[in-house]
Amino acid sequence: MLSQSFVNLRTHTNYSLSEGMLTSNYIVDFCKEDMQPACAITDTSNLFGAFEFSEKLFSSGIKPIIGMQVNVYDKFFDGEHFELVLLAKSKKGYENLVIIANKVNKAINLNIHKKVNIDFLIEHKFGLIFLSGGYQNGYIGKPSFLGEKQICFERAKMLQSSLGSDFYIELQRSDIKETFIAEKEILSLSLELDIPIVATNDSYFENKNHFEAFEMLSLIEKSKTISSKSESSLSNQNYFKSRSEMISLFTDLPEAIQNTIIIAQKCSFCLKPKDLSLPRFVHPETGNEISILKKISKEGLERRLKENNILSDLDRVKIYNKRLNDELNIISKMGFSGYFLIVSDFVKWSKDNNIPVGPGRGSGAGSIVAWCIQITELDPIKWGLLFERFLNPERISMPDFDIDFCQDRRDEVINYIKNKYGHENVAQIITFGSLQARAAIRDVGRVLEMPYSQVDQIAKLIPANPSNPVTLSKALETQEELLKIKQENEEVSKLINLSLSIEGLNRHVSTHAAGIVIAEKKLDNIIPLYSEKEGDIPATQFNLKYIEKAGLVKFDILGLKTLTIISHTEKLIKKNNKDFRISEVNLSDEKVFSMLSEGNTIGVFQLESKGMQSALRGLKPDRFEDIIAVVALYRPGPMENIPSYINRKHGDENIVYMHERLSDILSETYGIFIYQEQVMQAAQVLANYSLSSADILRRAMGKKDKKEMEMQKENFIAGASKIGMKRSKAQEIFDQISAFAGYGFNKSHAAAYALIAYQCAWLKANYPHEFFASLMTYDTDNVEKISIFVNELKRMNIKVLPPCINLSFDQFSVEEMNNEKCIRYSLSSLKNVGNEAVKK
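Residues 384 to 1223 in the numbering used here are what the sequence shown spells out, letter by letter.
Treat the hints with care, since some could be wrong.
Stated by the list, open to error - 25 Å max Cα-Cα, derived SDA-like pairs, lysine to any residue: (1) Lys474 / Glu438; (2) Lys605 / Lys916; (3) Lys993 / Asn1180; (4) Lys472 / Lys993; (5) Lys1089 / Ser893; (6) Lys916 / Asn479; (7) Lys905 / Ser893; (8) Lys1087 / Asp783; (9) Lys1168 / Gln989; (10) Lys497 / Ser601; (11) Lys1090 / Asp1118; (12) Lys731 / Lys765; (13) Lys1087 / Gln1114.
Calculated from the structure, these hints are not laboratory results.
Using the sequences plus the hints, can you model the full thing?
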C-alpha cells in the first residue's frame, strides 16, 4: 500500500503573503526525494508564484498543477466567505483562472478579504477542477462543521450539477476533534450525491517544527503580540507531507489517495516561456515598421550631422552612414524595429511637451539609431560607444532602453503611453518585498513582547548593507557577539531561531521603480493583474523575470530628480537669457574644469561625495573624457585604479600597454582597462573576435562562468595565434583582461551620466544662484542637505534669503537685494511644514 503514489493538491508557497512559508525550490527537492510525480500551487487569492512554480517543477521532471485558493460567497451566509480551490486542467482553464484572479485582485481594499461570488466562478468553470475546501473554512466543509447539513447539500448539488466529474469533495484529517464529526457528514454527502472524494492536506510550511514560526508570521501581519494570539484554524499538521504519511492517514479510504493521481492526470497545462510580443507601433507614416525606422533614422542622421558641423566632412559622413546602416540591418533582422519606434515616440513626445529627458542611460547610448531618432543625446562614434554592447545579434535578447525623465512629470509620460496603446494594454511590474534579517528580528521581538531596547541592540549586531543585505545565518558566522548572546540567552536564542525561519519570505507587494509593460492585446486576457486602488495603473502579478518569460516587453520610464533641477534652473536662466539651452553648453569650459579640480562639487550629480571630491582634486580633469572615466572608476574594485589613472595622466607613472595593438583602445584611459567596451575591442584586435562574439566573452568574464571561460580562453588563444602571438603570451593577456572585465563599467552609461554631471557642474560654475535656488527647493525635505548647501553658498559668498513658505512650488527665485544677487528657495514641497522644520 505504501508504494502507492500521492500528489499534494493544496500548497501555499511564500507568495501567499504572510501565510505560506514553502518555496518552489523546497517543493522541487521534496517531491524528487519523495517520488511525488506532481504538485499543485494553490496560493490564496493570487497567481504571483505560478510561473516560477511551473518552470521550476517542469524543469525538474515534476508535473506542475497551477491553481488558486479563492474566497467565495453566496446567498446562504450574509457577509461571510468560504474557500474553494481551483485547478487548471488546460490552457482554457488557466485563462479562466486568470480572469478569476483579475476579478479578485481588482482595486480591492487590502483590509477586506478578497472574495468573489460563486456565480462568477461557475460562469468561468470551463477547464477547471473545483475542490470543496477544508472543514473549517471550506465552501462545503464549513457548513458541515457548523452542523448546517442542508446548506452543504444544496451547495454540493449545485457544484455537481455545474461541474460534473470535475468537482471533488476534500477530506482533510488533523488532530482537531470537530473535524471527525464533520468528516462523517461529508462522507455521507459524498455517497448520497455520488461525488468523488480526494485526500488533501492544506500545506503552509516544511515540517511540524515550523508551526510556531508560521504563527509568528500571522501575528506580524496582524500587528498582534503573543499574549493576544487567538486560536488558529490551522495546526502543526499543516506541513508539506510525504506520500507515506498521507497514505497512512487514509488507509481506510484508498480512493481518496488514488483520486489525487486522477486529478493530476487530468491537468495537462503548465506555463512555459513565450516569444516576446511587441505592440504594434501606430505612426502617421505609411509603410511597415522597418521602412519607417529606416526613413526617420536617415532623416535624423542628416539633422544630427548638420547640428554638429559634420556634413562637410565626407569621409566622416561615410563612417556615420555605414554605422547607421549596419545597426538598422541588425535591428530589422532581430525584429526590434517596432521597439525602437515605440521608445522614440514617447521620448519625442516628452521633449515636444517640454518634459526633461536624460541624454541616455545604460548601454542604449551606444546605438547611433537611438541617437538619430532622439532617444539618446550622445554621439556614439564621437565617444567610442559600441552598439554590440546594447544589442548583440549573436545573443538574442530584448533591447532594453532605460530612459530618465523629469521626476515631477514622469506620470505624464506614462499617461501618454496609456492613452496611445490603451489603458487596458499597459501595466506596471510587480515586485515583492521580503523580510530582511534586521526586520525579522525586530518583528519577531515585538510579537514575543521582548523589550524594544534589547531587540534593537540585537538587530544592530547584524551588519547593515542595503545594496547587499547580510543574512542572519551569515551574521551568526561573522559576528561573534551575536553568536555569543544566542548561545548564552535562551530567550534570544528563540528570537533568532524564529527569525531564521521567516527571514527571506515575501512580505508585501510593491511596483518596479521604472518598468511598465505594453501589450498588443488587453492584459487582463493574457496575465493575472493586481491593483489596490480604483484608477491606479494595475501591476502584473508576475515579477520582472517571469513577465518577460510570459512574452511581454518591459519599458523603463525612470524618474530622475536631477533632470527636474536642471530644467527649473534653465527656466530661471531664461528669464534673462531667452536663448539659453543647457543641451548646447560647451563641454570644454575651463571654468567648469577648474571648479572640479578644486573638488568644489557640492550639488553636482554623481560627483559630490567626499571620496569623489578627493579623486577630482588629484585628477584635475581638463576634458570631458576624464569625467566619464571618474564616473566609471569610483566604485568598489575599480577604485584601486584611480591612483594609477591620476599618476599616468600627470606623467608620474609610465603608460604601459599589454600589447602594442591595444594602444589605440587604451590611450584615452592611459593604458588602463576601465570600460566593458574596451574588453570587447581588445578581443577584436588581438584575437579576431567580432564585436558581437566579444560581448559574449565579456559577459563570461564578468560572470566568472568557469566552463564558458575555458572555452573562450581557447578561442582567444587560437585567434591571437593568427597575429603571431605565442600561446603563453595570449594566455597571460587573457587572464589580465579577465581580471579587468570582472569590474569593468559600461562606458555608454558612464558617458550619459557624465554628461548630466557636467551640466550640473556647468550650471554651478556659471549660474550658481539659479542652480542652488532650484537645488535647495527640491531638497527642502532634507534638513541635512539644506545645511550643506547653505554652508557651500557661504563659501561662495552667495546670500540666501528666508525661504518662501506656503507659496506655490515654483516660487523659488533669484532676487536683487541692496544691489546684491541673492537666492530665495521654496519650502512648499514640505508637506505639513511645522515650526521645528522651518527653524531648522
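Taking the hints in turn, this is what the structure says about them:
no.	hint	result
1	Lys474 / Glu438	holds, 15 Å
2	Lys605 / Lys916	holds, 21 Å
3	Lys993 / Asn1180	holds, 21 Å
4	Lys472 / Lys993	violated, 61 Å
5	Lys1089 / Ser893	violated, 36 Å
6	Lys916 / Asn479	holds, 23 Å
7	Lys905 / Ser893	holds, 22 Å
8	Lys1087 / Asp783	holds, 23 Å
9	Lys1168 / Gln989	holds, 15 Å
10	Lys497 / Ser601	holds, 17 Å
11	Lys1090 / Asp1118	holds, 15 Å
12	Lys731 / Lys765	holds, 23 Å
13	Lys1087 / Gln1114	holds, 16 Å
The structure fails to meet hints 4 and 5 from the earlier list, while all remaining hints are met.
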